[in-house]
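Participant: So the chains spell out like this:
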Amino acid sequence: MTVSSLSYRVSRNTSLSVVAVWLGVASAFVVLSVPLWGSPALMRWAVEVMCYLVLAQMWNLMAGYGGLMSVGMQAFVGVGAYSLFVFAQHLGVHPFLAIPLGGVMAAIAALLTSVLVFRMRGGYFAIGTWVLAEVFRIAFSNVSILGGGSGQSLTVMAHIDRSTREIGVYLIAATVLIGASVAINLLLRSRFGLGLTALRDSEDAAESQGVDVKVLKLQVYTLASFGAGLVGAVYFTSILRISPSAAFDANWSVAAIFIVVIGGIGTLEGPILGTAIFFALRWLLADYGTWYWLVMGAVAVAVVVFAPAGVWGYVRTRWDLQLLPLQRRLILSGPEPQRSVQTLELAGKTEAGRT
Amino acid sequence: MVEWLDAILQGVLLGGLYALFAIGLSITYGVMRLVNIAHGDFLVLAAYLALWPVMQMNLNPLLAILPVAALMFCLGYSLQRVLLNRTMGPNPLAPLLATFGLSIILRNGLQQIFHSDSRSFQIGALGTDSIPVGGGIPVGVFPLIVFLTAAALMVFVSFLFSHTRIGIALRATSDDSETAGLMGIRARHTYGIALAISFALIAVGGVFAGIRTTFTPESGPAALLYAFEAVVIGGMGSLWGTFAGAVILGVAQTMGAKIAIGLGILTGHLVFLAVLFFKPTGLFARTQ
Chain V
0 MTVSSLSYRV SRNTSLSVVA VWLGVASAFV VLSVPLWGSP ALMRWAVEVM CYLVLAQMWN
60 LMAGYGGLMS VGMQAFVGVG AYSLFVFAQH LGVHPFLAIP LGGVMAAIAA LLTSVLVFRM
120 RGGYFAIGTW VLAEVFRIAF SNVSILGGGS GQSLTVMAHI DRSTREIGVY LIAATVLIGA
180 SVAINLLLRS RFGLGLTALR DSEDAAESQG VDVKVLKLQV YTLASFGAGL VGAVYFTSIL
240 RISPSAAFDA NWSVAAIFIV VIGGIGTLEG PILGTAIFFA LRWLLADYGT WYWLVMGAVA
300 VAVVVFAPAG VWGYVRTRWD LQLLPLQRRL ILSGPEPQRS VQTLELAGKT EAGRT
Chain R
0 MVEWLDAILQ GVLLGGLYAL FAIGLSITYG VMRLVNIAHG DFLVLAAYLA LWPVMQMNLN
60 PLLAILPVAA LMFCLGYSLQ RVLLNRTMGP NPLAPLLATF GLSIILRNGL QQIFHSDSRS
120 FQIGALGTDS IPVGGGIPVG VFPLIVFLTA AALMVFVSFL FSHTRIGIAL RATSDDSETA
180 GLMGIRARHT YGIALAISFA LIAVGGVFAG IRTTFTPESG PAALLYAFEA VVIGGMGSLW
240 GTFAGAVILG VAQTMGAKIA IGLGILTGHL VFLAVLFFKP TGLFARTQ
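First to last, the sequence lines map onto chains V and R.
Letter by letter, the first sequence follows residues 0 to 354 in numbering that gives the first Met the number 0.
Letter by letter, the second sequence follows residues 0 to 287 in numbering that gives the first Met the number 0.
A couple of the hints might just be wrong.
Unchecked claim - Sample of chain R residues at the chain V side, in silico, Cβ under 10 angstroms:
| no. | residue |
| --- | --- |
| 1 | V34 |
| 2 | A93 |
| 3 | G100 |
| 4 | G108 |
| 5 | Q110 |
| 6 | Q111 |
| 7 | S161 |
Since the hints were derived computationally from the structure, they do not count as laboratory data.
Glycine is no exception: its CB is placed at the ideal position from the N, C-alpha and C atoms.
The shape of chain R in the complex, shown without the other chains (with noise of 0.2 angstroms):
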């Protein structure tokens, strides 16, 4: 009983780290219908940026982060105005084609670099302390740290986009992108700052995701299918479902890793194509 307590409890910390996945996927498809399938390759390019600094100098990685998210910040807007805004036509398949050939430039290209090996950060006895929460059950540190970095940027991003101008002009792009141009909202600097805003969520998500696990050229695709199932779990149009739907998917995982070794990731897929057959639209939809 306690064991399975147990499983829940990390289940639901793993879920912090797939919210940090998951709300950019969310943003972008919200705000422009975009889904982008390299997502999880560029949280990858995050981790490997970071990577950098923390060999060469040294560098605690948690100090890393800042840098690497505003860096990744100034890239997705870049990218999204240089590039994908050129795609956001009446072709729904471009954009998603332009991106699948990113995804794979961005594979190879980092394998080219930073060969197969796989990497860690290392952070010290942060990594591994934990505190008893009493019946036997311990809670790591270092996850707690990940799921209340996940909430807060949660609340940030919801504030974000009820009370500032641009959280007002990616509302109203997302709901008509053609009347809230005629009110002098900019829909291509819009989509720049919704692909910002989720490569700086993805860079945070990368290099936790590198201290807590490790990483390789080829982690991407897996991080794209758990921010996708996240998304879809949790229901279109709600910051906080795909938050919810993070949990969920992080449960699954090591409930499903509790029964057999091994069988964690299948249980996330398969609860992820329950809620698919029996809630098309999500568990916490506001939209339909």
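Here chain V stands alone, though its shape is the one from the complex (with noise of 0.2 angstroms):
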């Protein structure tokens, strides 16, 4: 039996994942029907939980795969939300177009800061990137022509009709969560993904392999914090109303964190899960008060330090089910029957991620 004889076919999709992605592309149609069936309460509220979706995915691919522990997201998700209000509100330009301006905003602020917070690595970087978001929250509290402390509303969305508005915001809302895990998935499968991946797995062996270790995780950067902007933007023209405590809030960040370290970090499915866990808990402990962060807190550390992979990672390991596998398998089909049903990994059990 030599090489030659076997035929073989390389291929990331098993027959589970084929499943799953047609039904991401169903539940695609039914997110962007609700404006057909739902009230204006489940659509504000679909908005919202969209918006911490995108911001936990930013936050998942910046950490779970860049390996770049940000605690200042809010930073970005700030300034996106900040330059909706003056392109929109002083610079006349229609709200709805103001929105993508938010994340490239955002992006150019992560590019030119990233000269300040890269030069910080780990745990530095974390609370260096919290600095910098308090930096940015006291300079535009200073502001007087955007409301200073107390903030401002955006009365230009007065114009446009009540239903046009809460239509639009929620099939912005939904594009960018859509484009946002469209977007994600295909890098991921891209060469910039494997690089992000070996990354993730070993900055060393990966800059040993030719990866440009710096570039990347720039890159890596700013792109979260496009879509950070982009979430700013959107949160606030849902809201209608900014000041400089909330659009530069911590609690950004929190949610963020939680989500992804709940769900699974450095998966593409954990945020998803994540968030459900997370408005479900909302949810549930609604009339507690703080009593929901502190379960969310115990529940994150809890994760951490029993099951680091978190509870999709911990699924995954349990039963072998990848819904979005990014790993290549070897299938082999040669001359003998047990052949064909033979599979090899190729990338071993990376996507376990760093346990």
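Using the hints, put the two standalone chains together into the complex.
Facilitator: So this is what it looks like as structure tokens:
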């Protein structure tokens, strides 16, 4: 039996993952159809859920794959949100068109300030990004044309009638979510994603294989900040009012981190599952005030210590499930019938993350 | 001119308080590369622990420092042994995420028990007395006590690190925990001691901060950021560098507040960012 007598193919897909992709497409249509049947209250709630989910996906991309633990995501949520107010409220740009500008401004702010925060690594980077967010918060509190410390309302939205406004914001949020999900999935399957996955597993090894770690980290940081800026712009278009303490609220990062850690860091499915758990807990504990954050914190600490791969990571290793697989499998089919069922994993267990 | 000198002097004294915040952070990073995101929240916890006997038994807050520091020492050791040691693996994100979760638990737990009213400790005339030092500049007695306590504790910690068995163990573990293990130094125990010392120091800082100004369950993050900035300004691996960093931060804040009230904290942040930009290893770094 020689190698040439074997036929083989390399595939990422499993029959389960094909089903998962179609389910994803179907749920995208369901999400887009909500304005046809949902109430305004449902749409407002869904905008919030989608904002948190996108932010969590961005944080996961940055921390789970890029190894950049930021606790200062709110810096870019805030810049995106304030850019929206500057363009829409003060420069006369249509609010819906100002939303992508929020993302762009956040990405620019991230690029410019990366000169500072990228001088730190690990935990220093984490707290450094927090300092940066505080600097932004204090700076925006001192801009009197933007309402200073008390903020301002998005009064230009009054020119748009109510249902157009609600449906418009909803559809933009849905587009951002679907766009971010598809983009992250495609991105991680590309050469860029391969470098990023290598970076996640070992920075030194990735560098020795020719991955430009510095450039890659900067790219992923800027990209995540762009997403955070979009989230800020969408969210504050939805609630119509901004203040520095809301826009630069550290709880943006807290929520994103808890969602990703509980769901499963460094996996594509983790943030989705985490967002579901986050909002389910919030609904369950709605009447208990701060208990909600206490429970979230306790669950997160327990996950970090006892199940570092998160809920999804646990499910995956327990039942060997992958809905959105990134690693390739070599599927051999040769003369012997048993060959056809044998599969080899090329990438090994990399998906389990650095546990 | 005199008022600027006054601002600088007040800043130096404020730096003493920030040094108490910062030394613990510097130690845990130096010994085990742990950046404790809950550092500030534990500092606030210590202040609330002192609040209990002060309110119930009308105890002088200064007398509460020692028992609270002892309690925090034990808490730090247990926390490291029971929880954080389990996260000290190859994944550098794990301890960060664990302490991040702890910070949220603490902040909301304190909020639940004590609500968000701001509290402070009263120490009578000692809190308001001042000594004139010439040129019309008064020096508050209490800020001076804080500064001198911080300096004394620095000397004590330096001595601990350079002349005692546990200090040698701490330094050896910092340099190479595996080789230290071969010499019979148990890293898990040493890590516990490092966090315990850190917690005892922030207990002192927490009570002093509560006498100097007010605190709420939300005061933790600010304390963490000041401590962190002091450590980075001073440079890693240098305890006295951290002390100097804290003084620089304090002066930056009081000078900024002199320019415009409400600008002090921002000036502190900006000085930190400037040091980061021009000398990322810190001003007094011993190791790289």
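Participant: Each hint: holds or not?
Facilitator: Going down the list of hints, with the structure as the test:
Because the smallest distance between the Cβ of R/V34 and any Cβ of chain V comes to about 2 angstroms, under 10 angstroms, the interface hint for this residue holds. Checking R/A93 against chain V: minimum C-beta separation of about 6 angstroms stays under 10 angstroms; hint holds. Taking 10 angstroms as the C-beta contact cut-off toward chain V, the hint placing R/G100 at the interface holds, the least distance being around 4 angstroms. About 6 angstroms separates the beta-carbon of R/G108 from the nearest beta-carbon of chain V, less than 10 angstroms, and the hint is met.
Evaluation of the R/Q110 hint against chain V yields a held restraint, the C-beta minimum of about 5 angstroms falling below 10 angstroms. Restraint check, R/Q111 versus chain V: the minimum CB separation of about 5 angstroms is within 10 angstroms; hint holds. Nearest Cβ of chain V to the Cβ of R/S161: about 25 angstroms, over the 10 angstroms cut. The hint is violated.
The structure is inconsistent with hint 7 alone, although it conforms to all the rest.
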